[in-house]
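**Q** Using numbering that gives the first Met the number 0, read the sequence shown as starting at 0 and increasing by one per residue.
No wet-lab data here; the hints were simulated from the structure. A virtual CB, placed ideally from N, CA and C, is assigned to each residue, including glycine. Fair warning: there could be bad hints in the mix.
[Said to hold, decoys possible] Derived DSS-like pairs (lysine-lysine); straight-line CA-CA distance at most 25 Å: (1) K418 with K498; (2) K418 with K184; (3) K4 with K41; (4) K54 with K418; (5) K413 with K498.
[Claimed, not checked] Listed next, with one range per pair, are the computed distances between beta-carbon atoms: (6) K255 with T421: 28 to 34 Å; (7) S31 with I472: 31 to 37 Å; (8) Q140 with P257: 49 to 55 Å.
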Amino acid sequence: MPSRKFADGEVVRGRWPGSSLYYEVEVLSHDSNSQLYSVKYKDGTELELKESDIKEKFPLSQESSYIPTQYSLHPRREEVKLKEIDSKEEKIVTKGPTSLRTFEVTATQQKDLEFGGVPGVFLIMLGLPAFLFLLLLMCKQEEPSLLNFPPPLPALYDLWETRVFGAYLLWFFLQALFYLLPIGKVVEGTPLTDGRRLKYRLNGFYAFILTSVLVGASFFWDVELYYVYSHFLQCALAATVFSVVLSVYLYARALKAPRNELSPASSGNAVYDFFIGRELNPRIGTFDLKYFCELRPGLIGWVVINLVMLLAEMKLQGRTVPSLAMVLVNSFQLLYVVDALWNEEALLTTMDIIHDGFGFMLAFGDLVWVPFIYSFQAFYLVGHPTELSWPMASLIIALKLCGFVIFRCANSQKNAFRKNPTDPKLAHLKTIHTATGKNLLVSGWWGFVRHPNYLGDLIMALAWSLPCGFNHILPYFYVIYFTILLVHREARDERHCRKKYGLAWEKYCQRVPYRIFPYIY
Numbered sequence: 000m001p002s003r004k005f006a007d008g009e010v011v012r013g014r015w016p017g018s019s020l021y022y023e024v025e026v027l028s029h030d031s032n033s034q035l036y037s038v039k040y041k042d043g044t045e046l047e048l049k050e051s052d053i054k055e056k057f058p059l060s061q062e063s064s065y066i067p068t069q070y071s072l073h074p075r076r077e078e079v080k081l082k083e084i085d086s087k088e089e090k091i092v093t094k095g096p097t098s099l100r101t102f103e104v105t106a107t108q109q110k111d112l113e114f115g116g117v118p119g120v121f122l123i124m125l126g127l128p129a130f131l132f133l134l135l136l137m138c139k140q141e142e143p144s145l146l147n148f149p150p151p152l153p154a155l156y157d158l159w160e161t162r163v164f165g166a167y168l169l170w171f172f173l174q175a176l177f178y179l180l181p182i183g184k185v186v187e188g189t190p191l192t193d194g195r196r197l198k199y200r201l202n203g204f205y206a207f208i209l210t211s212v213l214v215g216a217s218f219f220w221d222v223e224l225y226y227v228y229s230h231f232l233q234c235a236l237a238a239t240v241f242s243v244v245l246s247v248y249l250y251a252r253a254l255k256a257p258r259n260e261l262s263p264a265s266s267g268n269a270v271y272d273f274f275i276g277r278e279l280n281p282r283i284g285t286f287d288l289k290y291f292c293e294l295r296p297g298l299i300g301w302v303v304i305n306l307v308m309l310l311a312e313m314k315l316q317g318r319t320v321p322s323l324a325m326v327l328v329n330s331f332q333l334l335y336v337v338d339a340l341w342n343e344e345a346l347l348t349t350m351d352i353i354h355d356g357f358g359f360m361l362a363f364g365d366l367v368w369v370p371f372i373y374s375f376q377a378f379y380l381v382g383h384p385t386e387l388s389w390p391m392a393s394l395i396i397a398l399k400l401c402g403f404v405i406f407r408c409a410n411s412q413k414n415a416f417r418k419n420p421t422d423p424k425l426a427h428l429k430t431i432h433t434a435t436g437k438n439l440l441v442s443g444w445w446g447f448v449r450h451p452n453y454l455g456d457l458i459m460a461l462a463w464s465l466p467c468g469f470n471h472i473l474p475y476f477y478v479i480y481f482t483i484l485l486v487h488r489e490a491r492d493e494r495h496c497r498k499k500y501g502l503a504w505e506k507y508c509q510r511v512p513y514r515i516f517p518y519i520y
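Construct the entire structure; sequences and hints are all you get.
**A** Here it is, written out as structure tokens:
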């Protein structure tokens, strides 16, 4: 069955029967048998038109010259003008000079800078590393309190240790070696602007298994993993330095990248592009740097750090077994990481991969923020033990499972629909057709709220923090930060979808009014 081009509710231009004049119309419906569109003109006239008699609206730059056209049915001068406009529109789309199109793209992007524009990203790049170290220093205090802020700051030479930096490089390149192993299936990513689809090898779970074997072997060889805890700040600094060096390399190589390989988020401003990433998919041969960093060194490193914290708690607190709180934190976050690696293919449809370039934002986030902030609850429990009762633990486990079910089911439904919208298993789901040819889910998990996966993520984040008790707000920093992050991320996604899907997105928002939290937001 031929696919329709225009969505219900979309405002387009329809030819008036018997003439060559086009007027603004609203698409009311589409008959799949006759392939006719029911449209409504501004004067209330409703007609059925063929798809060949319908055109998309003028670009904004030309719309002003079109709007004043009156709804007289036979003005010859108007007809000539409209033909001239159509001709100009054709030239702009098909024959416009490259330099003009480049200028138009750049100008548009500069108007849509995110994160507060250039001043905002500059402050973020300076503030995030400083904030990370302040949090870690506060957590090491015996009595962390806002009254003791700022914590005692160590000398810079105490934070840097070459051997630690060497160990971090060994870890990074070990994960790179695992990534290059010819195991795991190869899949194609989403189509790029030039129609290409890059190939990705899915072997993150195998890398996790191999890492687990090496960690297990380290116990057999009596490797002192406590070293990571005792040099935790030095490890964080080593990762930070490496992420900055990597960001410089990424920006330098992106200066020579072809325009069709640049990120849609890049702006042409050096500071902003250094942060957001100028090149969309930087690769060395078949080695995809962004895809590798998203799931490997930081995410698997997070699990290893959690295990180190568990061992450090037993050593410092003289325990023969870890505390129940530490076991819950390790188990919850281990499940999260294993789930992400097992469902690695889902990463290919995220905003990080298809929209954002690879720059400081993702490099620092993947290599520093994830392993050293996401492990914050375990780091906190080492120096601030919390005794947890089994009834309380049972409630926390139930909350975690609830969040996980929402998160996994919502993501699985979305990914299955994106891979094969005609899957008979998804036939019960209701959709809204869009002008891009894609459909929007308005039932199932995605009819509950617009981002049910975010809701599940936040519930799980709360469950990670609750085992730490209520003596201090520090263990809850992750929940607070993650809420702000996902609300901001949802707002970015909202802007992109509104621009991409137009009136179909408006209709979707009417059907699904709540963004993340039902009846709240």
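**Q** With reference to the structure, classify each hint as holding or not holding.
**A** Structure-based check of all given hints:
1. K418 with K498: 23 Å, holds
2. K418 with K184: 16 Å, holds
3. K4 with K41: Judged against 25 Å, a Cα distance of about 21 Å means the pair holds.
4. K54 with K418: Distance of about 29 Å is beyond 25 Å: violated.
5. K413 with K498: Distance ~20 Å between K413 and K498 Cα, so the pair holds.
6. K255 with T421: 28 to 34 Å: 42 Å, violated
7. S31 with I472: 31 to 37 Å: Taking Cβ atoms as reference, S31 and I472 lie about 57 Å apart, which means the hint is violated.
8. Q140 with P257: 49 to 55 Å: Given a distance of about 51 Å, which is inside 49 to 55 Å, the answer is holds.
Against the hints set out earlier in the document, violations occur for numbers 4, 6 and 7.
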